[in-house]
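2 protein chains.
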Amino acid sequence: MTNTQAQQKQSAGKNTRTAITPTREENFPEWFQNVIKAADLAENSPVRGCMVIKPYGYAIWELIQRALDDKIKDVDVKNAYFPLLIPLSFISREAEHVDGFAKECAVVTHHRLEKGPDGKLVPAPDSELEEPFVIRPTSETIIGDSMSKWIQSYRDLPLKLNQWCNVMRWEMRPRMFLRTTEFLWQEGHNAFATAEEAHEDAMKMLGVYNQVYEEFFAIGGIQGEKTPDERFPGAINTYTIEAMMQDGKSLQACTSHDLGQNFAKSCDIKFQGEDGQQHHAHTTSWGFSTRSVGGLIMSHSDDDGLILPPKLAPYHVAIIPIVKDDGSAVFEHCRQLAARLKAQGIRVHLDLSDSRSSDKMWSAIKLGIPLRVEIGQREMDEGKLSYVRRDLGKDSKAIVTGDEFCGTVQKVLDQMQADMLAKSTKFTRDHIFDMKSLAEVREFFKADKVGFARIDTSLFGADYDVLKKELSLSSRCLPFEDEGRKVLVGKSY
Amino acid sequence: MTNTQAQQKQSAGKNTRTAITPTREENFPEWFQNVIKAADLAENSPVRGCMVIKPYGYAIWELIQRALDDKIKDVDVKNAYFPLLIPLSFISREAEHVDGFAKECAVVTHHRLEKGPDGKLVPAPDSELEEPFVIRPTSETIIGDSMSKWIQSYRDLPLKLNQWCNVMRWEMRPRMFLRTTEFLWQEGHNAFATAEEAHEDAMKMLGVYNQVYEEFFAIGGIQGEKTPDERFPGAINTYTIEAMMQDGKSLQACTSHDLGQNFAKSCDIKFQGEDGQQHHAHTTSWGFSTRSVGGLIMSHSDDDGLILPPKLAPYHVAIIPIVKDDGSAVFEHCRQLAARLKAQGIRVHLDLSDSRSSDKMWSAIKLGIPLRVEIGQREMDEGKLSYVRRDLGKDSKAIVTGDEFCGTVQKVLDQMQADMLAKSTKFTRDHIFDMKSLAEVREFFKADKVGFARIDTSLFGADYDVLKKELSLSSRCLPFEDEGRKVLVGKSY
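Chains as they are written, first to last, in our numbering: chain A, 108 to 600; chain B, 108 to 600.
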């Protein structure tokens with residue numbers, strides 16, 4: 108199915124006027140920017156490549172953090188905090204790491220400002236640092252330095268640490284959420300006595316991420332192993348979840364790395380084993396960032412704006428009073444409903460502003476609030492309300508009593524969460540196409556078709572590399588389910 | 108009372124051997140460092156002036172964050188996230204702010220590294236930034252820039268924003284938690300239409316902080332206004348909580364600033380009022396940092412190490428099986444008790460390691476765990492256990508049945524929390540001394556006495572300034588309770 112067909116299918120039976128222009132079909136990247144704008148999630152900042160995460164966008168990130176942090180703690184990882192700045196000499200320690208990360212970093216060279224000749228502030232020449240620092244692009248080297256002190260004996264293992272922090276990688280072509288110079292993430296760093304444990308851990312943490320994607324994001328991605336050319340610099344293996352966006356491109360949604368003994372050797376993480384001998388530890392690292400919010404948006408949203416799965420929605424329910432003149436009685440009725448829902452743990456957006464009812468309705472749509480409740484004078488008099496599921500639109504409109512709504516709202520939200528996951532999973536599965544030759548792959552992507560090609564790894568080689576370059580494709584992953592025999596090929600964010 | 112007397116009083120009736128050396132009396136600053144070390148809270152990092160917050164220390168910070176974040180949200184402030192880097196031109200906007208903050212900042216001048224002539228990494232000369240950035244020492248200017256775009260009309264006010272983040276102020280004499288080049292904090296930034304609202308807000312947020320100090324930290328500090336020389340650079344008024352540490356020095360525990368229209372003018376935060384005219388907004392800012400953990404330690408801990416108030420304790424209860432040979436039955440009994448307590452929401456540290464019982468006991472003491480439960484074979488057979496409150500020591504030992512313990516543990520913890528606050532408040536109140544002349548103040552501090560002097564503000568003047576300089580004193584605050592007529596004078600961290 109082409110982009111056009113996908114779009115036509117999705118918009119069939121819908122109002123032709125959309126809240127977001129351009130539509131997904133017309134210009135997917137621009138649609139993405141405008142969904143962000145319409146939901147007031149984030150905006151570009153005066154610092155090139157960096158974004159401001161606005162309150163509604165940050166509220167989503169807080170829900171993600173809470174969900175993931177709980178699961179990380181469940182597997183006995185402890186949170187800690189390590190310095191923002193990394194000495195240049197640390198970054199230099201792991202050879203591949205240097206090539207991968209030392210390129211586009213923010214470099215701190217001075218520690219004081221002073222007024223220059225023209226009265227403007229300049230870095231004070233006498234404050235130049237003997238050894239410059241980089242702002243962490245990732246923290247393997249600085250956390251490895253601590254681990255080398257904390258680990259002495261096999262009794263100190265496993266050591267499992269995580270930090271929630273900001274990192275910086277200078278981006279030449281920034282895009283909100285997807286690729287920003289500064290971003291927020293968690294980075295986990297675990298150390299083990301054996302290679303087997305490290306391998307298992309890298310797989311386990313990918314599994315934790317996948318739980319979060321399925322349970323909270325309602326995204327059914329493909330778990331797999333990265334090909335060597337796509338690995339984290341310094342890893343012996345990188346595992347990934349590739350999530351297919353609605354335009355058929357892949358988002359590398361998170362990664363988990365088996366670092367083998369590479370960083371243990373470069374950071375000198377050694378322990379005395381039960382055998383009395385010194386051994387290097389085996390380490391893993393795994394990260395999940397604000398990039399995931401970009402994936403959330405591109406997976407579910409439609410031409411009317413954001414659609415949020417209930418578990419990551421800052422508000423589960425929007426309540427909109429439909430009033431003409433004096434609406435005070437309806438307002439009070441809505442207030443009571445809101446209070447009742449809040450007491451049940453439902454997050455409520457009660458819109459009592461003086462905007463017009465239709466504007467309130469469109470606002471709730473663009474914010475992606477899962478359920479939209481409307482109550483007018485007549486509904487109130489009848490003890491009823493109408494509600495609509497954001498993902499299904501007006502066809503899902505139901506009229507129920509207030510009691511019925513309060514009694515079933517959690518079930519409706521759970522159903523929506525489940526339906527969104529099922530839809531995401533089906534979309535992904537429906538857009539993975541088995542192909543037997545590179546010619547087929549070329550034809551598919553030249554025609555701008557939506558999805559991934561799945562081909563045999565026996566097709567790897569010079570021709571494959573030429574094809575990737577020609578059509579800006581990449582090996583997304585070797586899916587676990589194909590046990591290394593197949594590779595997914597596609598375009599990516 | 109002198110330091111010596113305070114110490115003798117506190118150690119009266121105690122074992123003379125202490126877990127921490129030196130004691131508070133012998134060397135308070137070194138005692139502080141060693142309490143941190145013994146509880147494994149944090150350590151110095153290879154980045155000068157920056158610390159690594161270790162898992163146990165970070166767990167305390169997470170409890171603080173949760174407590175404060177809930178209260179911040181309760182007063183309708185929204186969390187958001189703004190860039191780490193601030194353009195030099197932004198920092199230059201507010202004149203006083205420049206003098207106060209532009210001095211010791213980390214300056215980012217390049218955005219790429221490359222291999223230099225000797226193969227080592229150096230900042231790539233062609234990546235020099237046209238305009239350098241500083242790593243935020245605080246974010247008034249960059250958040251003000253966003254506010255200037257987001258605020259157009261009086262309808263957009265109040266706008267109340269908060270961010271949890273890291274900041275950097277280059278420290279020449281760093282001390283763990285108290286003064287580190289990088290630290291973690293929350294910084295709130297609110298904008299209002301009127302001066303009255305901004306003033307009220309600055310006071311209200313100080314009140315929120317005070318609630319957290321009293322309810323969670325069990326610290327009864329003194330709320331007041333800063334004298335002009337101690338104000339935040341650019342503020343028209345700064346409010347503070349000054350917490351008296353056990354050595355009588357003050358810790359500025361948090362601050363809340365009424366910025367008047369200073370930042371609104373320098374950042375161009377304007378709105379159209381109900382009168383149709385353009386007005387500058389009135390803003391506040393308020394911050395609470397990891398420094399508070401330093402205050403927590405120095406307020407409550409003793410010569411055996413950390414003492415944590417239950418609400419900020421990562422573990423409420425330590426369970427220590429006292430066994431000689433085969434302890435498996437006692438271990439299993441302890442496991443069941445732990446499970447039962449956890450089901451009640453009690454945070455439990457069950458020590459089943461192969462350390463000696465006495466080492467486990469000392470470990471629990473040094474970690475400051477509020478209640479220490481010990482169970483041996485005989486206690487188990489009798490269905491009993493013994494417990495001790497960390498703050499009261501072995502004199503508080505009680506022997507109760509397991510059922511009794513589970514039934515009363517929350518009450519015991521609540522009592523301990525209340526007692527610790529009462530003790531902190533009494534200590535502070537007992538060590539504030541009214542003085543009538545500067546000569547009295549000089550005599551007091553020359554004799555190294557413990558506490559604050561409270562004097563009339565009519566004593567301000569050149570002699571007072573000389574005295575402050577001579578004895579390294581400062582005006583801590585004009586306590587609210589004295590309505591601006593008195594100032595507290597003391598030494599400080």
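A hint or two may mislead.
Which copy is meant is left open, so a pair is good if it fits within one copy or across any two.
Unchecked claim - With a cut-off of at most 25 Å between alpha-carbon atoms, the simulated BS3-like pairs for lysine-lysine come out as follows:
1. K185 / K533
2. K598 / K178
3. K530 / K180
4. K144 / K185
5. K210 / K491
6. K418 / K178
7. K180 / K449
8. K576 / K418
9. K227 / K556
10. K178 / K222
11. K598 / K267
12. K256 / K144
13. K227 / K518
14. K553 / K473
15. K575 / K553
16. K144 / K180
17. K556 / K210
18. K180 / K418
19. K180 / K491
20. K473 / K185
21. K144 / K267
Just so you know, these hints were derived from the structure itself, not from any lab.
Verification of the supplied hints:
1. K185 / K533: neither (36 Å within a copy, 36 Å between copies)
2. K598 / K178: This pair counts as neither: shortest intra-copy Cα distance 31 Å, inter-copy 45 Å.
3. K530 / K180: Answer is neither: 30 Å inside a copy and 34 Å across each miss the 25 Å cutoff.
4. K144 / K185: For K144 and K185, only the inter-copy Cα distance (18 Å) is at most 25 Å; the intra-copy one is 36 Å.
5. K210 / K491: neither (61 Å within a copy, 63 Å between copies)
6. K418 / K178: Close inside one copy (15 Å) and across copies (23 Å); limit 25 Å.
7. K180 / K449: This pair counts as between: shortest inter-copy Cα distance 15 Å, intra-copy 28 Å.
8. K576 / K418: Neither: 39 Å inside a copy, 58 Å across copies.
9. K227 / K556: Answer is neither; intra-copy 54 Å and inter-copy 46 Å both fail.
10. K178 / K222: Classified as neither; 50 Å inside a copy, 41 Å across copies.
11. K598 / K267: neither (34 Å within a copy, 41 Å between copies)
12. K256 / K144: Between copies, since 14 Å is at most 25 Å while 47 Å is not.
13. K227 / K518: neither (61 Å within a copy, 60 Å between copies)
14. K553 / K473: Neither, since 34 Å and 67 Å both go past 25 Å.
15. K575 / K553: within (12 Å within a copy, 78 Å between copies)
16. K144 / K180: Between copies, since 24 Å is at most 25 Å while 34 Å is not.
17. K556 / K210: Neither, since 34 Å and 56 Å both go past 25 Å.
18. K180 / K418: Cα proximity of K180 and K418: in one copy and across copies (19 Å, 19 Å).
19. K180 / K491: Cα proximity of K180 and K491: none, with 43 Å in one copy and 32 Å across.
20. K473 / K185: between (38 Å within a copy, 20 Å between copies)
21. K144 / K267: between (39 Å within a copy, 20 Å between copies)
When the structure is compared with the earlier hints, violations turn up for hints 1, 2, 3, 5, 8, 9, 10, 11, 13, 14, 17, 19 and for no others.
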